[in-house]
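A.B. asks: Given the coordinates of chain A, assemble chains B and C onto it according to the supplied hints.
Heads up: the sequence lines are chains A, B and C, in that order.
Here the numbering used here is used: the first residue of the first sequence is 1, the next is one more, and so on.
Here the numbering used here is used: the first residue of the second sequence is 1, the next is one more, and so on.
Here the numbering used here is used: the first residue of the third sequence is 1, the next is one more, and so on.
Hint data in this document are derived by calculation from the structure and do not stem from the laboratory.
A virtual CB, placed ideally from N, CA and C, is assigned to each residue, including glycine.
One-sided and incomplete, this derived list gives chain A residues near chain B with beta-carbon spacing under 7 Å:
#: 1; residue: A209
#: 2; residue: F328
#: 3; residue: T329
#: 4; residue: A340
#: 5; residue: G344
#: 6; residue: E354
#: 7; residue: H355
#: 8; residue: G357
#: 9; residue: A359
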Amino acid sequence: MLTKDENELLTRVGPGTSMGALFRCFWLPALLVSELPEPDGPPMRVRLLGEDLVAFRDTAGRVGLLAANCAHRGASLFFGRNEGHGLRCVYHGWKYDVEGRCVDMPNEPPETSFADKIHPTAYPCVERGGIIWAYLGIGSRPTPDFPALEWARVPAGHVYVHKRFQDCNYLQNLEGEVDSSHISFLHRRFSPDTTIAGQQLLNRARDGAPRFSVTPTDYGLLIAANRRWDDEHDYSRITQFLAPSYTMIPAEPGHSISFTAAIPADDYTTWGYTVSWRPDRPLEPEDVARIETWTGIYAEVDPTSFMPLANRANDYLIDRAKQSTESFTGIRGIREQDLAVQEGMGPIYQRNREHLGAADAGVVATRDYLLRTVRELETGIVPQAAVAAEAYAVRSAALVIERGAPPLEAARAVTAVNS
Amino acid sequence: MLTKDENELLTRVGPGTSMGALFRCFWLPALLVSELPEPDGPPMRVRLLGEDLVAFRDTAGRVGLLAANCAHRGASLFFGRNEGHGLRCVYHGWKYDVEGRCVDMPNEPPETSFADKIHPTAYPCVERGGIIWAYLGIGSRPTPDFPALEWARVPAGHVYVHKRFQDCNYLQNLEGEVDSSHISFLHRRFSPDTTIAGQQLLNRARDGAPRFSVTPTDYGLLIAANRRWDDEHDYSRITQFLAPSYTMIPAEPGHSISFTAAIPADDYTTWGYTVSWRPDRPLEPEDVARIETWTGIYAEVDPTSFMPLANRANDYLIDRAKQSTESFTGIRGIREQDLAVQEGMGPIYQRNREHLGAADAGVVATRDYLLRTVRELETGIVPQAAVAAEAYAVRSAALVIERGAPPLEAARAVTAVNS
Amino acid sequence: MLTKDENELLTRVGPGTSMGALFRCFWLPALLVSELPEPDGPPMRVRLLGEDLVAFRDTAGRVGLLAANCAHRGASLFFGRNEGHGLRCVYHGWKYDVEGRCVDMPNEPPETSFADKIHPTAYPCVERGGIIWAYLGIGSRPTPDFPALEWARVPAGHVYVHKRFQDCNYLQNLEGEVDSSHISFLHRRFSPDTTIAGQQLLNRARDGAPRFSVTPTDYGLLIAANRRWDDEHDYSRITQFLAPSYTMIPAEPGHSISFTAAIPADDYTTWGYTVSWRPDRPLEPEDVARIETWTGIYAEVDPTSFMPLANRANDYLIDRAKQSTESFTGIRGIREQDLAVQEGMGPIYQRNREHLGAADAGVVATRDYLLRTVRELETGIVPQAAVAAEAYAVRSAALVIERGAPPLEAARAVTAVNS
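So that you can see chain A by itself, here it is in the shape it has in the complex (with noise of 0.2 Å):
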């Protein structure tokens, strides 16, 4: 459990908290490529920290993230126009580049012109395997190097990316990633069906009890949860949690991998990316196909909020019949049966009201981690993993090994990018 005060240090990220300081000190995901496609098209709003932003692209393919809201007098830059390598402000006129200089100042005559004296709020942004990336930390201290995720540098046919918006605080996502005990449970399928996305990874963990062992990285964390496999065997799979709210899925040799990050739009909502890839080649549409089942670790989303299809407000579209004979809880996908608990927790939750046990290792090493890493940025001393770009070359990985062996030792191999 967390006490009161460590809860909501942990789950307030607005300008001026020390958990939205951590956050500020990384690259974010900020919205998908996607929604950004062309130069010159329509600006698009995004939510980020308790932040709203208005992003764009400009005449130059350059993308620009500014304050949603006129320096001048505050009309939205959302209705503004995207032309001439700057936004525009529809009310006076303004013109913002993507650097957040104010290019024009056409209301005003010549002489009684300040353009030089307005500096709106502006982000450095970045393209990476699909999604628009932000550092919200400017003025802080220097833009760190961007982390060296596998999936942002392998060619584009080989990654698939996905945004979905979460209805709680960005912590309960992130918890459920690095607990690999509840996969035996909230994921079970009763008939095991190789066909739908992610079952065959799922049908090995039927020990419910796994033993875990943490690891420090850089990074953040490298968490392993062994279930039984034989009498000799165990099943080992390895989650990584990259800091600030980054895991990685444990995936099989020779299956594609995934990753996750639970990123705050604000303190109760959270934009929920998940990226799949192959190292070694381009998905194919079959793989593509599995994903778009909505089965698996891809909640369907309406193409334009982002919201899930199965939510709160329609149960999730549990199926009680189902929930009896099919699946452990009823709902159609993992991802799915992940926002269930996730959300249903409320939109910030008490944990203070918790009872944890040994099965709950992981949960409680992430929030050990960002505890003391918040704290510690609190008197200054910036994350470690803040500038360990290049730590962030790591797998995820999920392997039979022998009874005893060193889970970590064992993984090396595989969670290691040769690249």
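C.D. replies: Chains B and C in isolation, oriented as in the chain A frame:
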């Protein structure tokens, strides 16, 4: 009127409040038996006194009422698996029986299991008269005897029970029930139509200025409203207020009798229960058909949400033409008329603004009873009504008496239950 | 910019606030006459300055405006019976006349009636120019004379009046009205189309950087914005700000003149009134038809809720293709364009974030006027405008003047009302 402090005292009912403590001294209607019809069926959400709960009927048919969120990591038990004499959380498989014992903790290896240390909120339930009742005071004192309400003891076919969602604080509902004065106005019809449910009695309340007399009883209050009938007789309507928030609606000898309960879901919303019963015989199909014209004290509701079809959002389907020609309000049913005035006061009515007269004697007496009782409870005095289960064996009455006869004396034979 | 305290001072309007007190010195539009067309018709809800009220037209045709909830026990008078020279509460039959007297208390026997002690809130109303106006300052000082607005005096056929709901604080609306600078941008069309309402004038505002001059008057401010016309002439637009929140929109001689009012429903929402009138002749059908293309200063609204059809929820139906080719915004009408920028600032814009220039002279002067007047009122000084009813007999103007001529001098003949 009430002062602001008195109003707060009587209207706030969550955990830790004084009025909440008073409600927690009594068995309270929690949901309809028909909402939880069969063993191992789907659990139901229940919001009661500001607490989020989940109800389920186990394999043996016993009803459990637990805190809605799992004691482990807060997943909603609404999505739980109701199976094998318990409700199992879908997140990690923890299972609870109807008494709140954690009877399985399958995500922990046997050596780290701590199931015997888990004691989630679990409230005792009983089923009486088609309603599942809960006692939310568990732990503070011995569970009280169940009140000897006649309708909860007669055979099932003698009773009609109904529930509606009401969009305001419970006290606005309760005050309407003990206010015999309003029926001469709010519920008046211009062309008396005896096919309309309840209309027969209302037509007798032609005298709009009744004289009230109030008598304290073990269960609460007995309120008589006397109206002029003819030169030698009065028409006397006897209403009971039964702690904490129940009433009986006057009925003439030989007609069915009605009971109401105003049960706080939270400070701002209420579950309104209405019950009608015949002590002497089963309800006939035509009795039920008359109720289900929804022109009387029963509001037509959505069968899933229990939201009245005529509600605040549609101005209770008021028909201004009919308000001129057919009825005082132009709103269809008696209950729907009550909702319009009770909900129209706002979520919590500020009683320091009001101006009471002699006709509000029943309302004033009920408030005085509650104020006195809640303040006594603050000093540790258990309400008499909470330990006077047998006193609840009463009936309401409406009868013509001789002018000047003591109404309660006259009503004694009628209001007593001899079963 | 305004400090946070100044912003609070100008934007909060409920009972007990300083700006609320300023509004309560003036006759304010409360609803359209067309909303309350006939004697003894249905009452209407009115929300004004944070107060919930109910309006009704009595048997004699007089308009009453009462506190929405009955003084007895708080039932909503919206459901009341409007009959026999008064509004009767449906709960217990209390009846009020338009002056707030309780003229019947039928639920009390004569000996306990206290009708003469009941004095609910009741505001005086007058009908002028198709609008029902109310004076909410009753009790604090003598009711002021009605302002000598020309359009409120001309024959009915000379005037078009319109009301809309606006989803932001009134000051954002008012500032837009006194900001002549934005019309060169927000309302610009690329292919001038003289069939579009109001377009003719806008086409003359090609010069985007007007020079402002502001003159204090008895009613408020006279604001001139001069734009370059040709080498020897300026195009001068004369806008009046009339306390507390009215404006006149520049019009060329021989065209209809327009008036606006930004009336707070509460701190977060506004009733926006727009009026156009011809001093010299009735409006022709084609005048009305042009208004009702909804391309000009009138937003198309739902006839019951007065909610604009193009609104925040649908991004004002912005058409990005048309934003490239037809108009600066891709939003249809002038008023709809205004709504996009004014509501886009949020419910209450924080003016400490803004950056003002010379082009904001009208906005700055209006804020200064309001700040000075509201602070004087705090010390007991009644605003001059509140006792200068005759000063409101003015017209706006838009005219071509010689370069260097004093614009107000030139406009004098045009802005004076001689009737």
